[in-house]
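The chain contents come next:
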Amino acid sequence: MNSTVVSYLSQSNEFQNIHAWLSKALGFDASSLMAFVIFAIVALIIVGVMATIGGAGTYAERKISADLQARVGPNRVGPFGLLQFLADGVKMILKEDIITTNADKFVFNLAPVMCLVGVFATLAVVPYSSGFILADLNVGIFYLVGMASLVGVGVFLGGYASNSKWSLLGGMRGASQIISYEIPATITIISIVLLAGGLSMKTLIGAQGGGMQDWFILHNPFAFIGFFVYFISALAETNRAPFDLPEAESELVSGYHTEYTGMKFGLFALAEYIEVFVVCGVAVALFLGGYNVPFDLGTGALFSKSLGLDSMLSQNIGQLLQLGAFFTKTLALYYVVIWVRWTLPRLRVDQLMTLCWKYLTPIAIFNLLGCAVWMYAFDGKSIFALIMAATAGGGAHH
Amino acid sequence: MSTLNLDVYMPVVILIVLALLVAGGSLFLGSLIRPQHPNKLKETAYECGEEPIGTAWANFNIRFYVIALIFIIFDVESALMFPVAAVFKRFNEIGLGGTLLMSIFTFVLILVAGIVYCWKKGDLDWVKSFNQVAPTQPSFGKKD
Amino acid sequence: MFANTLFLLSAVLTLAGAVLVVYSQNLMHACIYLLASLFGVAGLYACIGADFLAATQLVVYAGGVIILMLFAIMLTGGTGNRTNKYGLEKIPAMGNKKTFMIAAFAAIVSALIVIKVTIPVFQNNKNLIVAANAPTVERIGTLLATDHILAFEISSVMLLGALIGAAVISRPRKEIHD
Chain W
1 MNSTVVSYLS
11 QSNEFQNIHA
21 WLSKALGFDA
31 SSLMAFVIFA
41 IVALIIVGVM
51 ATIGGAGTYA
61 ERKISADLQA
71 RVGPNRVGPF
81 GLLQFLADGV
91 KMILKEDIIT
101 TNADKFVFNL
111 APVMCLVGVF
121 ATLAVVPYSS
131 GFILADLNVG
141 IFYLVGMASL
151 VGVGVFLGGY
161 ASNSKWSLLG
171 GMRGASQIIS
181 YEIPATITII
191 SIVLLAGGLS
201 MKTLIGAQGG
211 GMQDWFILHN
221 PFAFIGFFVY
231 FISALAETNR
241 APFDLPEAES
251 ELVSGYHTEY
261 TGMKFGLFAL
271 AEYIEVFVVC
281 GVAVALFLGG
291 YNVPFDLGTG
301 ALFSKSLGLD
311 SMLSQNIGQL
321 LQLGAFFTKT
331 LALYYVVIWV
341 RWTLPRLRVD
351 QLMTLCWKYL
361 TPIAIFNLLG
371 CAVWMYAFDG
381 KSIFALIMAA
391 TAGGGAHH
Chain V
1001 MSTLNLDVYM
1011 PVVILIVLAL
1021 LVAGGSLFLG
1031 SLIRPQHPNK
1041 LKETAYECGE
1051 EPIGTAWANF
1061 NIRFYVIALI
1071 FIIFDVESAL
1081 MFPVAAVFKR
1091 FNEIGLGGTL
1101 LMSIFTFVLI
1111 LVAGIVYCWK
1121 KGDLDWVKSF
1131 NQVAPTQPSF
1141 GKKD
Chain E
2001 MFANTLFLLS
2011 AVLTLAGAVL
2021 VVYSQNLMHA
2031 CIYLLASLFG
2041 VAGLYACIGA
2051 DFLAATQLVV
2061 YAGGVIILML
2071 FAIMLTGGTG
2081 NRTNKYGLEK
2091 IPAMGNKKTF
2101 MIAAFAAIVS
2111 ALIVIKVTIP
2121 VFQNNKNLIV
2131 AANAPTVERI
2141 GTLLATDHIL
2151 AFEISSVMLL
2161 GALIGAAVIS
2171 RPRKEIHD
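Quick mapping for you: the protein sequence lines, in order, are chains W, V and E. Just so you know, my numbering puts the end of the first sequence at 398, numbered straight through with nothing missing. Just so you know, my numbering puts the end of the second sequence at 1144, numbered straight through with nothing missing. Just so you know, my numbering puts the end of the third sequence at 2178, numbered straight through with nothing missing.
Keep in mind that the hints were calculated from the coordinates and are not lab data. Glycine residues also receive a C-beta, built at the ideal position from the N, C-alpha and C atoms. Be aware that a few hints might be false.
Said to hold, decoys possible - Covered by chain E, according to a simulated footprint, are these stretches of chain V (three or more residues, beta-carbon under 8 Å):
#1 1009-1017
#2 1024-1031
#3 1043-1049
#4 1069-1079
#5 1118-1125
Okay, chain W solo, but in the shape it has when bound (with noise of 0.2 Å):
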């Protein structure tokens, strides 16, 4: 089986114990129901991390533009403002639910939650840390970038089932937009499967080390280029400023979601806000080493050796280091997305397209060959380890 949520805690010996004595008691393996409950669990636990997170995003968007252009920002609700996030939550549920007399009704009720499905799915292979990820597919990177599609269907079907000129407007930008930026995107992630061997975020992650010289935005310079061409890629993904053009509020108003009210908005801002988090999270797996902590903390071995811990303690502590390193370094691209929004001003229709087909596609492809080169060249070393050799042996001949 592979290593998922469960398999980690199927070491311990309370899991054993349960599992034994729950097979006896209802006369059948009970692993798969063990499995299930606690994948329900965990799945639960991460929705309600996911949805703070998306509130919680709302609220540090506002405050950070607030810092960034001279404000205050909300501070009304709670210290600091902080439970803003809870009344915008009250006041979407309570807001009227509108829909206007021409709208396509079943399509216009389906576009918000199509979103939050392809959202919510593409959690499932986020890799938090070693031990704590849900499904740890085969395919992981693959599987997650099919469900990412999703959120173009939901929004071209919300802008089209609106029947207003802005929100269509709207819906066929921003379907076209996330598909065209879908490419340079995919063409990344392959050049970095290449460097890694496989797919499954877990082979991604373990061809990484914890130290800065061990991760793939620095083996070479391809990968490098690589990372900003993702990321510019994947802010335009999930309609992001500068890439906003779909809800560009000077000229269509507010795009596919024109009218949308109360929690049907509400769960497309979510969606969004998620989403970010999630292409965060990507670029962190892919390029910044992901959980990997340095001087291998994260394996917990280092703590039973010399601490003399439980091993079972020791791992729980590296998992627990994992995750901080994990969450540490996509808050800390969720914030690099949030200054990105408040900082640049928003593209023209056809200066993204020239963007996307011009420039990201073909730096794209070219990084793609460029990483097969260096393969082959190098023997798939690092830059930081061909430098070290390259000492090692001048340093031999002296």
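Guided by the hints, dock chains V and E onto chain W, whose structure is given.
Showing chains V and E alone in chain W's frame:
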């Protein structure tokens, strides 16, 4: 009975069901407590204060369709590239990296030829009419 | 246990989606049902251990083809005007008695052929047992890079043709302007 263990897909199904529950639950909860006073004016599509004329579902520009076509082409390309990229490292370790490198190069360069062709012909420009109708060479139809 | 649940879910999604595609009169709705059906097919692939094929189904069909179809519906004017300029319905009902009879006949004939072809497979189904979570990606990659390298390269030529074709049909024709 097969030895296939499908438990790895369990979280996917659980998460999709959870998404449906979250969406349905919040909408249902809202429907119990939110006001519901629809009127005709409220339910017209927003058009900056004007009354909307006609439906928004009109014929749309072909450019979006072409983007979707090209997207599918690159999708298929990536579906073919992913497995080959995944085995590249292993092939490289057993000394077959050179042959695989050549085949990847051939595969990608053939596609690059297509992109170069489109670029030269101006198909990658979003605003085509600016380039098509150059001021010195006005384009005339067949009737002239 | 879960394998059965996954199979049932996928099968119901596939069949219900397919039936609704035929049943629905609204093109846009039919497209959404088709998406559900394609999702179900991806689940069926996952059921037989073809995880890469399932992901490809998601990426290419659920992501790409559905968007293409939605755009194509918008290109032809959406579902707003269902009548042409003579007041006739543009989208006919998907079937009447005659077409249903022909379809049923065709279905029976093709089902017979399929059963005839697949009976040998079912008779020695011991070969069908799949190894536990075999990494299909690596095997497909190895095969594409060794035995089927020609197919791999030629598919690139095919994609090149499609790319140029897509570019050519999008060019504005000069006759329109006069």
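- Task: Go through the numbered hints given earlier and state which of them the structure violates, listing their numbers in rising order.
- Result: 2, 3
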